[in-house]
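Trainee: Here the protein sequences line up with chains L and B, keeping their order.
The C-terminal residue of the first sequence carries number 272 in the numbering used here, and the numbering is unbroken.
The C-terminal residue of the second sequence carries number 217 in the numbering used here, and the numbering is unbroken.
Honestly, the hints are just simulated from the structure, not real lab data.
Hints are not guaranteed to be accurate.
[To be verified] Some but not every residue of chain B turned toward chain L, in silico, with C-beta under 10 Å: (1) Val27; (2) Leu110; (3) Ser114; (4) Gln117; (5) Ser120; (6) Gly121; (7) Arg122; (8) Ala123; (9) Leu124; (10) Gly125; (11) Arg128; (12) Val134; (13) Val135; (14) Gln139.
[What the hints assert, rightly or not] Among the chain B residues that face chain L by a calculated CB cut under 7 Å, a handful are: (15) Asp4; (16) Asn6; (17) Arg116; (18) Arg127; (19) Pro138; (20) Ile141; (21) Phe215.
For glycine and all other residues, C-beta sits at the position ideal for the given N, C-alpha and C.
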Amino acid sequence: MPDTEPGRMATMPRLMLEMRGVAKRFGANEVLRGVSLSVPRGQTVVVIGPSGSGKTTLLRCINMLEDYEAGIVAVDGVPIGYAVDEKSGRRQRMAERAIAAARETIGIVFQSYNLFPHMSVLSNIIAAPIRVKGVSRPQAETRARELLAMVGLSDKEKEYPARLSGGQQQRVAIARALAMEPKIMLFDEVTSALDPELVGEVLAAMRQLARDGMTMVVVTHEMSFARDVADRVVFMDGGVIVEEGPPETMFSTPKTERVRQFLKRHNDRYRI
Amino acid sequence: MPFDPNFIRRLLPALLEGAEITIELSVLTIAICLVWGLLVALANATRGPLAWLAAAYIQIVRNTPLLIQMYLVYFGLGFAGLPLSGFMCGLLALCLQNGGYVAEIYRGGLQSVSARQYESGRALGMRRWTLYRVVVLPQVIARVIPPLANQGISIIKDTSQVAAIAVMDIMKVAQIWVESSANTYDVFLTVGLIYLSLTTIVSFGARFAERRLAFVA
Chain L
1 MPDTEPGRMA TMPRLMLEMR GVAKRFGANE VLRGVSLSVP RGQTVVVIGP
51 SGSGKTTLLR CINMLEDYEA GIVAVDGVPI GYAVDEKSGR RQRMAERAIA
101 AARETIGIVF QSYNLFPHMS VLSNIIAAPI RVKGVSRPQA ETRARELLAM
151 VGLSDKEKEY PARLSGGQQQ RVAIARALAM EPKIMLFDEV TSALDPELVG
201 EVLAAMRQLA RDGMTMVVVT HEMSFARDVA DRVVFMDGGV IVEEGPPETM
251 FSTPKTERVR QFLKRHNDRY RI
Chain B
1 MPFDPNFIRR LLPALLEGAE ITIELSVLTI AICLVWGLLV ALANATRGPL
51 AWLAAAYIQI VRNTPLLIQM YLVYFGLGFA GLPLSGFMCG LLALCLQNGG
101 YVAEIYRGGL QSVSARQYES GRALGMRRWT LYRVVVLPQV IARVIPPLAN
151 QGISIIKDTS QVAAIAVMDI MKVAQIWVES SANTYDVFLT VGLIYLSLTT
201 IVSFGARFAE RRLAFVA
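My request is simple: use the sequences and hints to build the entire structure.
Mentor: As structure tokens, this is what we get:
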């Protein structure tokens with residue numbers, strides 16, 4: 001049986017995410033300069049790099065929260081945002097309806113949690129499955145409770161976000177994204193706003209997810225997480241991928257001077 | 001002579017009849033403005049001609065006196081060959097002006113919802129209408145209840161101006177009784193107390209709604 005379904009892009013089917021030549025500018029500032037990135041199914045790619053290197057923008061382009069001027073993105077072979085017309089070879093923006101449908105397959109967790117403050121924890125998790133996917137309420141609630149158990153928050157389903165700690169809110173945000181049964185999960189510096197004591201609980205949930213075989217793209221400054229969990233580490237600077245490779249070589253024998261500098265500065269700062 | 005219980009006993013049924021009109025006008029104006037104001041605010045939040053139209057409407061109705069608008073509607077429609085009853089003209093003018101104020105209240109509420117909330121909803125695959133219905137409007141409504149309650153109270157008081165276009169509301173009835181009895185004090189004191197009880201009901205209703213819709217934020 002062929003791996004590609006009709007209408008899908010002729011990409012390598014084993015790739016869960018494929019980005020080709022993605023370019024994005026904010027006014028005169030070129031934030032992404034033709035970035036290409038492939039993530040095979042079930043792998044975790046950790047994106048590191050200095051602030052302003054384009055990491056977050058890269059992540060936001062994947063689910064079209066940020067529009068981009070050039071390039072294409074496909075998840076599981078299905079283009080998102082722009083499709084390439086086979087005859088003319090020109091890229092065309094997809095309809096909002098199609099973009100919204102594509103976003104259902106991509107979970108994203110933000111640095112600032114962004115839970116819905118007027119809803120309980122359980123309602124936060126079931127809102128989109130019910131309203132967007134048309135899942136029945138009992139079914140959505142059952143799944144939500146499984147996910148809350150997974151992130152260790154079974155006793156908090158009736159709480160409102162404001163009554164939770166940052167780490168708890170972030171774990172709810174992870175459960176909320178997972179409730180849509182995404183094919184890929186994107187994490188945008190999800191521990192950066194947390195007290196150091198709360199970072200561990202969020203990273204533990206992410207480690208579990210990686211072990212369960214979820215495809216993940218993780219933007220983070222947590223080098224230990226990158227070292228332990230990543231299948232591949234990508235270093236970005238100035239809107240391009242400077243170097244990428246398995247964590248063991250990236251962290252011990254980086255090929256480029258830029259990565260060496262970055263890691264040295266990072267290690268100096270966090271050495272006690 | 002003021003504080004004449006016999007006079008007030010005779011006056012009260014007439015005033016309550018007028019109060020019925022006041023209540024009808026108030027309830028209809030508040031109900032229509034809640035919806036109309038939201039539509040104007042949503043139009044104002046778009047980009048393009050619809051937003052300009054909404055902004056122009058708000059500017060015009062907010063910056064001219066209600067009484068002028070009432071006369072313009074009442075006489076204007078008459079000139080245009082569309083004579084509506086005084087009640088309908090009063091209702092139309094009240095809705096026109098207060099719709100502008102209510103739209104501004106909603107605008108404040110819409111702006112108070114952070115861009116991240118919109119982003120979260122979109123990231124979960126929500127399209128515009130679902131996003132507004134599930135994420136944005138519940139937060140807006142919870143936040144705008146106190147200013148909306150103020151506006152509701154203001155609407156009840158504003159209805160007194162329909163007396164100027166011969167609608168037999170409580171104020172018009174009061175004017176007639178003052179003219180015939182010259183007992184200004186008793187008439188207006190009683191009218192004031194009736195307005196106070198109507199506005200108090202709105203205040204309590206709003207407080208109840210505020211408690212019901214409040215979320216921990």
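Trainee: Hints first: check each against the structure and report whether it holds.
Mentor: Here's how the hints hold up against the structure:
1. Val27: violated (27 Å)
2. Leu110: With Cβ-Cβ at 14 Å, over 10 Å, it is violated.
3. Ser114: holds (8 Å)
4. Gln117: holds (7 Å)
5. Ser120: holds (4 Å)
6. Gly121: holds (8 Å)
7. Arg122: Result: holds, 7 Å to nearest chain L Cβ.
8. Ala123: holds (5 Å)
9. Leu124: holds (4 Å)
10. Gly125: holds (4 Å)
11. Arg128: Holds - the Cβ of arginine 128 of chain B comes within 10 Å of chain L, reaching about 8 Å at its closest.
12. Val134: Hint on valine 134 of chain B: holds, closest Cβ of chain L at ~5 Å, below 10 Å.
13. Val135: Status holds, d = 6 Å.
14. Gln139: holds (5 Å)
15. Asp4: violated (54 Å)
16. Asn6: violated (55 Å)
17. Arg116: Check passed: Cβ of arginine 116 of chain B comes within 5 Å of chain L, closer than 7 Å.
18. Arg127: holds (5 Å)
19. Pro138: holds (5 Å)
20. Ile141: Nearest chain L Cβ about 9 Å off; hint violated.
21. Phe215: holds (4 Å)
The structure fails hints 1, 2, 15, 16, 20 (numbered hints given earlier, in ascending order).
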